[in-house]
Amino acid sequence: MNILGLYNYWIVVILILIGFYIVIAHENLIKKLVGLTIFQTAVFFFYISVGKIKGATAPILNDSLQVYSNPLPHCLILTAIVVGISTTALGLALVVRIQEAYGSIEEHELHAQDNNDQLESQLEAYGTRKQFNIMKRT
Amino acid sequence: MVATALAIVCLDDLFAVVMLAGIYSLLSACFFVDLDAVDVAFTEASVGAGISTLLMLASLKLVKRYEDKSRYKPLLALGVVTVTGALLIYGTLDMPHFGDPGAPVHHHVADRYIEKSMGEIGVPNIVTSILAAYRGYDTLGETCVIFTAGIGVMSLLMVSRRTREESRKKVPADMSQQVILRIVAKMMIPFILIFALYVQFHGDYGPGGGFQAGVIFAAGIILYTMLFGLGVAQKVFSPEVIKLLTAFGVLVYAGVGMTCIFLGGNFLDYNVLAHDPVHGQHLGILLIELGVGTTVAAVMTTIFFEFTWRTVKHRYK
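As given, the protein sequences belong to chains U and H, one line each in that order. Quick note on the working numbering: the first sequence kicks off at 1 and runs consecutively. Quick note on the working numbering: the second sequence kicks off at 1 and runs consecutively.
Hints in this document: simulated from the structure, not taken from any laboratory. Note that beta-carbon positions come from the ideal geometry of N, C-alpha and C, so glycine has one too. A portion of the hints provided could be inaccurate.
According to the in silico footprint, chain H covers these stretches of chain U (three or more CB under 8 Å from chain H) [claimed, not checked]:
#, region
1, 3–15
2, 21–32
In silico DMTMM-like pairs for lysine to aspartate or glutamate, Cα to Cα no more than 25 Å straight-line [said to hold, decoys possible]:
#, chain 1, residue 1, chain 2, residue 2
3, H, Lys64, U, Glu107
4, H, Lys64, U, Glu100
5, U, Lys32, H, Asp34
6, U, Lys54, H, Asp94
7, H, Lys61, U, Asp63
8, H, Lys61, U, Glu106
9, U, Lys54, H, Asp100
10, H, Lys64, U, Glu106
11, U, Lys54, H, Asp111
12, H, Lys116, U, Asp63
13, U, Lys32, H, Asp100
14, H, Lys64, U, Glu109
15, U, Lys32, H, Asp111
16, H, Lys64, U, Asp117
17, H, Lys61, U, Glu100
18, H, Lys61, U, Glu107
19, H, Lys64, U, Asp63
20, U, Lys32, H, Asp94
21, U, Lys54, H, Asp34
22, H, Lys313, U, Glu106
Given the sequences, and given the hints that come with them, work out the whole structure.
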């Protein structure tokens, strides 16, 4: 069995991994969204390359042509792309609101602010002023 | 393409990252053409390279330009990624070869679509007949998703009426000094809009359809907005009307489905729309593509307007 005939899947895997890596390793939210887009495009490639037939043409019927590529994945991906952009836009809108609320879009800064807020509100509710100052120092 | 993706990993200038993402989309559109998926390539070129880059740039204007890399820990992530990659590659070993006509994916419904769609639907572009007729439910659902995303962006970014009215007079176009750009754009915009309509109505015979046409139409409006300012653009394309159109598109689509029920068929069964089933299919596809195009164009324009208003609000706060 000739393994090289599987090269299209390997390209897809490499692209998926790059996207995945960006999503988990980077802290910046916009960069994460770009990573998700790359991941998404890799999945599109997977579908389209599965639908390709050697020597075939685009699936638009014509009397002089005999072999067409599989039109079903094309149709699925076509709609997926447009849905993808609208979800990306929703993500960007969330990022913009996060930036306004926190003044940052780096994940660790968001976590730090969240923890700080939680600590302060808990101490306000249960602790004394002295404890609060001690906690703040540590 | 892999090189572009790798460059995206390494750069910390978000502006460059967004630009590279646009290039990446354009390259992938070229690949889609090579893989015979002309409709998909069309969509990817207009959506990925056009609108998505624009939206990313608009939101970049509201956040910091550079990424903070102080807490960047690549080792653990690299480990996870390698393991996943190894598993995925192992999984591909059983897959059919690239371009193999005997692969299972080509032997269930695909054959039937290719052989019978001309007789049943009468539309040469098989992708359109699957999209609009065979899988009409699916496309209705996707149109609803786009509509919902539009509403989501509106509710997240809606700015107050007062800001709008105060700044309406004050917002100058950033590029009002660029005479050449303005004149060239003025000449091009009618052609962009006509091309969008051509793509919309020619989708039955060549690559194209509601999704692509909607995005191209929105691109024309966005170009106008960028060059002549938000205030002027919103006089021409009133935001209230556009918001109504967002819902109108979905309603047209679902309305065609309901009409089919009232005429005695199933939901989205276009055969009953005219005396001849094939004519009925033609009419149905034309109408629902119109609905899809309207929704997509209106949602994309609304999203762009909301992002731009946000920048305006920040500038004049």
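Outcome of the hint check:
Counting residues of the region 3–15 of chain U whose CB lies closer than 8 Å to any CB of chain H gives 11, which reaches the minimum of 3, so the coverage claim holds. Residues of the region 21–32 of chain U lying with their CB closer than 8 Å to a CB of chain H number 9, which satisfies the three-residue condition for coverage. Of the supplied pair hints, the one linking lysine 64/H and glutamate 107/U holds, its CA atoms being roughly 14 Å apart against a limit of 25 Å. For the proposed pair lysine 64/H and glutamate 100/U, the alpha carbon gap of about 11 Å is at most 25 Å, so the pair holds.
Taking the CA atoms of lysine 32/U and aspartate 34/H, the gap is about 29 Å. The hint is violated against a cut of 25 Å. A hinted pair counts as satisfied when its Cα atoms are at most 25 Å apart, and lysine 54/U with aspartate 94/H qualifies at roughly 19 Å. Taking the CA atoms of lysine 61/H and aspartate 63/U, the gap is near 52 Å; set against the 25 Å cutoff, the hint is violated. Between lysine 61/H and glutamate 106/U the alpha-carbon distance is near 16 Å, which keeps this suggested pair within the 25 Å criterion.
For the proposed pair lysine 54/U and aspartate 100/H, the alpha carbon gap of about 7 Å is at most 25 Å, so the pair holds. The hinted pair formed by lysine 64/H and glutamate 106/U meets the criterion: a straight-line CA distance of about 10 Å does not exceed 25 Å. Between lysine 54/U and aspartate 111/H, the direct Cα distance comes to roughly 16 Å. Compliance with the 25 Å bound is thereby established for this hinted pair. This hinted pair checks out: lysine 116/H and aspartate 63/U have alpha carbons roughly 14 Å apart, not beyond 25 Å.
For a cut-off of 25 Å, the pair hint linking lysine 32/U to aspartate 100/H is broken: about 35 Å separates their Cα positions. A distance of roughly 14 Å separates the Cα atoms of lysine 64/H and glutamate 109/U; the hinted pair therefore holds under the 25 Å criterion. Proximity of lysine 32/U to aspartate 111/H is assessed by CA-CA distance (about 40 Å); at most 25 Å being required, the pair is judged violated. Distance hint between lysine 64/H and aspartate 117/U is fulfilled; the C-alpha atoms sit about 23 Å from each other, no more than 25 Å.
Distance check on the hinted pair: lysine 61/H and glutamate 100/U sit about 12 Å apart at the alpha-carbon level, within 25 Å; holds. The hinted pair formed by lysine 61/H and glutamate 107/U meets the criterion: a straight-line CA distance of about 19 Å does not exceed 25 Å. For the proposed pair lysine 64/H and aspartate 63/U, the alpha carbon gap of about 56 Å is over 25 Å, so the pair is violated. For the suggested pair lysine 32/U and aspartate 94/H, the alpha carbons sit about 32 Å apart, so the restraint of at most 25 Å is broken.
The hinted pair formed by lysine 54/U and aspartate 34/H meets the criterion: a straight-line CA distance of about 11 Å does not exceed 25 Å. Taking the CA atoms of lysine 313/H and glutamate 106/U, the gap is about 23 Å. The hint holds against a cut of 25 Å.
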